[in-house]
Amino acid sequence: MPTIQDIAAYAEASAQKLGVTKYDVYGSSVDETSVQVDKGDPKQVKASNRSSVIVRVWNDQGKVGVTSTSDVDPTGMDLALESARDASAFGVADHIPDFSPEATAPTAEVDLPPVDPAPVGDLIQRLVALEKQLLEAHPAIASVPYNGLAQRSIDRFYLNSAGALRQEARSYASVYLYSKTEQEGRKPRSAGAVRVNRGLPLLDLEGCLKEAADKTISHLNYDKIASGKYRVVFSGEAFLSLLGAFSNLYNAQSILDHRSLSTPDSLGTVVASDLLSVYDDALHPENISAETFDGEGTPTRRVPILEKGVLTHFLHSAGTAKRMGASPTGHASIGAKVSVGPSYYHVLPGTEAKSEFSLENAGNVILIDDLQALHAGVNSLQGSFSLPFDGWLINQGERVSVESATVAGDFRDLLKAIIHVEPHVEITPEGLCPRIWVDSLSITGEQ
Amino acid sequence: MTVAPSLTPLLKTNDLLSREYGATRNRFDLSWEPTLAALLGLGRSAGADFVEFFLERSNYISGQAEDDAITSISPRIITGAGVRVFLGKADCYVSTNDLSFQGLKSALDKALGIMGLTLPGPAANISDINLELLRDYASARSKDEWLATCSSMQEMGDVLLAANAALAKNASHVQSRRAVYFRDWQEVLVAASDGTFARDIRLTQSVGYNLLCADGEHRSSIGQRAGDTSNPAFLREWDYETVAQSVGESAGKMLYADYVESGSYPVIMANQFGGVIFHEACGHLLETTQIERGTTPFIDKKGEKIAHENLTAWDEGLSPDAFGTIDMDDEGMPAQRTLLIENGILRNFLSDRAGSMRTGHPRTGSGRRQGYTYAAASRMRNTYIAPGDYSLDELFASVDKGIYCKKMGGGSVGATGQFNFGVDEAYLIENGKITKPLKGATLIGEATEIMNKISMCSNDLGLAAGFCGSISGSVYVTVGQPHLTVDAITVGGR
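If you read the sequences in order, they're chains P and E. Using our numbering, the letters of the first sequence map in sequence onto residues 21 to 467. Using our numbering, the letters of the second sequence map in sequence onto residues 80 to 573.
Bound-form chain P, shown alone (with noise of 0.2 angstroms):
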C-alpha cells in the first residue's frame, strides 16, 4: 500500500496534469482482523487491508466536486480528481465549502500509542476460551452465536493543496459475546457485553465474559409486563444510543437544513432538565479512539452541549461555523455534503439533586439496559420514538426481566421529564454517561 507521503505527492501530480490548483484528500489505510467462533472452532476469521480516500476539487468558478476511491496508485488519483472536477461543475453555488481556517492550527497531544496486532492464533484461543467459560456460566446458556474478537490498525490523514498535512495512528481491538439460553418449557433469553481498547493485552476479556454472562442469567426469570406508564431508569448506553438518535438536536448542518428539531435561535434555550450536562469530548482520556482531527482537518476539542439543561452550543463543520458565525468544534466529514456528527459524549449531573434515588429501594420501576431497533423506532425529524428494550422491573431491589415490551414517548418531553442523572458513570464505547431516571414513560407490554 502507498505511504500517506505517496498519496500526497500522486494527488499533487495529478492536479498539475489536469490544471487544478485547489484540492483537499482525506484518507485512511486500516488493517484489521477478526474472529469468530462456533462451539470450540473457529467459525470464520476475517482479514482486510484496504486504503481509500476523498478528494475535493476546486473548480475555476470556486465551486466544489467530489470523488471517493479505493484505488490509491496513480492511475486511481488521476481518474479520482477528474471526476470530482467533473462533479464540480454540479457543486453548490451558495455556501461553498473551503479549507477549515484551523487545519493548520496545532492539534492535542494524545498519548494513545498503537498496540502492534496480535497473532490470529491468539484471537482464535482467546475467544474459543471465552466461549467455553460462557457456555459453562450456567446451564441454561446453550450458546453463544454472536461474538467476535477483533483487532484494526488505521492510519488516517488530511492534506490540502495550501499546505496542510496531517495523520495520525491508531489501534482497536475489540469483544463482544451474546450468549442465548434454552430451558423445557421457557421462552430463549438472550444478552452480551462489549468491551473495546486499543489492543488485545489492554481488552478487559474478563469483564465483558462476566457482563455477558450475569446479564444473560439475569433474564432467565422473565414475566411479561402491564402496559401503563413507568419510572424508567436508562442505562448510560441506552441513553447515549437514544442522545445519538437525536443528535440532530445540537448538529448545526441539520439545524441549517430544517432537518432538526432545534432553529439556530435555540441556542441559550431551556431543553432538558437542570440536572443534565451533555459534551462531546474527542480527546477524552478514556476514549481510546481519540482522533485530533476532524475530516476537514480541523483539531477536536471538548464542546458543551448542554448545561444544566440549557442548549449551549452545537456540533460544527468549518461551513457551518461560518454561516452561523461560529468556531469550526472539530466535528466534520467531508463529502459532496459537508456532514456533522458526534465524537464521544461526556453525559454528567448538572445541578446538584434534591431527592435520592436508588434502584435498591424504587418500586415499580423499570430499567433499561439496552434499547434495539433505533433505525426502525425512532423519527428523528418528530422527536418520537417507539423502540423495543431488554431491561427489568425492579421492585426494592428485586429484578424481574421484562419478557417482550417497548418504551415510547418524546424525546424533547423526555429530557424534560429527568429526574435524575446518577453520580457514577458507565464507560462505553459511545461515551460515558450515568444512569438517567425519567418519570412517566408509556411501556408497552407484549400481550
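Honestly, the hints are just simulated from the structure, not real lab data. Wrong hints could be hidden among the right ones.
Which chain E residues stay away from chain P? Per the calculated CB distances, all over 12 angstroms, these [claimed, not checked]: (1) Leu89; (2) Ala190; (3) Thr228; (4) Ser251; (5) Arg257; (6) Asp273; (7) Ala312; (8) Thr391; (9) Pro413; (10) Ile424; (11) Ala456; (12) Thr495; (13) Lys512.
So, partial list: chain E residues that the calculated Cβ filter (under 8 angstroms) puts toward chain P [unchecked claim]: (14) Ile193; (15) Leu196; (16) Thr197; (17) Gly302; (18) Gln415; (19) Ser491; (20) Gly519; (21) Gly572; (22) Arg573.
Just so it is clear, the structure is predicted and the values come from calculations on it, not from any experiment. Cβ atoms here follow ideal geometry from the backbone N, Cα and C, with glycine treated the same way.
Position chain E against the provided structure of chain P, taking the given hints into account.
For chain E alone, coordinates are given in the frame of chain P:
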C-alpha cells in the same frame, strides 16, 4: 493407427510464479483466467479444501436535491478482491484493494497462513485448476453498455430539481424537501477451485423523496423510494409527478395525526413494503446463517407447518427489474426461485456455499454480499407472500377495531426470534372503515406466533425496493405481499 494421447505439462510452483500475467485493469474478462487459475492452484496445493476469489469494480454515484438546489453529487470508484479459503468447515476471508498478481497472491498467502497452511515451495507440484468457460452474464445479456447509457450528471441534476419542484406543488407546510438518487454499477468476477468462473454486471438504481412538514408542534415526515436493477433509463422514466402527489398527500394526512394508543390489535398490512413484516419476522430466520448460529426457531421444522395454511411465500432472484434480482449470486451460482413456505408448510431454507456445507441444506443461489470486503452469506433476494383469494374489501370488513398499516418503516429480528418494525403511516379502522390517521406505532412480536396469525391474504400482490443489512453487509432486496390481515399483534405506542 493409434495416436498416443499427449499429456499437458505438469506444473511446479516456480512455473506459475515466473509467468507473466496480463489481466486487464478495466474489465474482468478472459484475460483473468490464467491469473486466477494459477492462484487457485497454489491455494489447493497448499492444502486448502476450497478456494474462491471474488473480484469487484464498482462505479457509484449519488445525487441529492434539497429544496431548489443540487446539494450533493458524489461519485465513488471502488476496486477490490476477496479470497476465501476453506479447510473442513472452517473458513477465512481476506480482502485487498491490490488486484495485481502479487497483491492477490499476498492475500491468498495471508488467508492460508491464518488457516495454518503455507504456499507450496518452489519445486512443489501444483494441482491445475481447470476453470469452466467463462459464464459471462454481462455479455450474454448485453449489459456492457449499461453504464454508458445511464443518466449523465447533468440529467441527474435536472431530474432531481424538477422532481423537487413537483413536490413543492403537491405538499403544504413544507419544512424540507429532498429528492435523492443513486446508481450503483458493479462488475464482479468469481473464480473458485471447483471450476466456477463467472462474470456479471449489476446496475442498481434508486430514486425517491424525503419530505418533512411542520405546523407548530405538529410534524410529519414521509419517505418513498423506487428501485430498479436493469433499466439504464430508470431515472429519466421516473414518474415523479405521481409520486410527489402521493408523498405530499401522505405527509398532509400524517401532520396532525394522533399518537397510536398501545395495545393488541388486529392489523391490516398494506401490500408492497408491508412485506417487510415477512422479511423480518420469517425471511431472516430461513437463512442458513441463522441455522448455523442456532438463532432460528425453524431450525428443524422443514416439512412442518410453521404458518397459517393460507400463507405461501417465495424468495427468488428472477423477477425482471426487481430490486433483489440477480443473474448469479456472489458465489457464481445462477439465481433460483425458491419456495419457502407452501400453505403454511416450511419447504426450503436459503443457502449459500458455507451454509450448505455446514447445515446440509442445498445451495439456492442466495450467497450475497455488499462488496469485496465481505464474505458471501445466505441472504434474501425478492421475498414475498403469494397472493390469496380474498378481496381488499373482505379484509377490511373482517376488522371491527384495528389498525391499517399503510406504510412501514424498517425493522429487525433478534436472536430469540423477536421482531419489531416501525410504521410510518397508519390509520385506525373502525367497523371495517378507515377513520383517522395515527402515528408513532411500532409492531412487536414473536416470529413463530405471528406467522400463524396471518389469516387472510388479498389478491393484490405488490413489490417494493428495500435495503437489508446483515452479516455480509447491505444488499438490495425486494419485499412484497398482498394486503393481509394479522389477527392480533402488539402495537407499541403511547
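Original post:
Which of the numbered hints are not met once you compare them with the structure shown?
Top reply: Failing hints, ascending: 2, 5, 11, 12, 15, 16, 17, 18.
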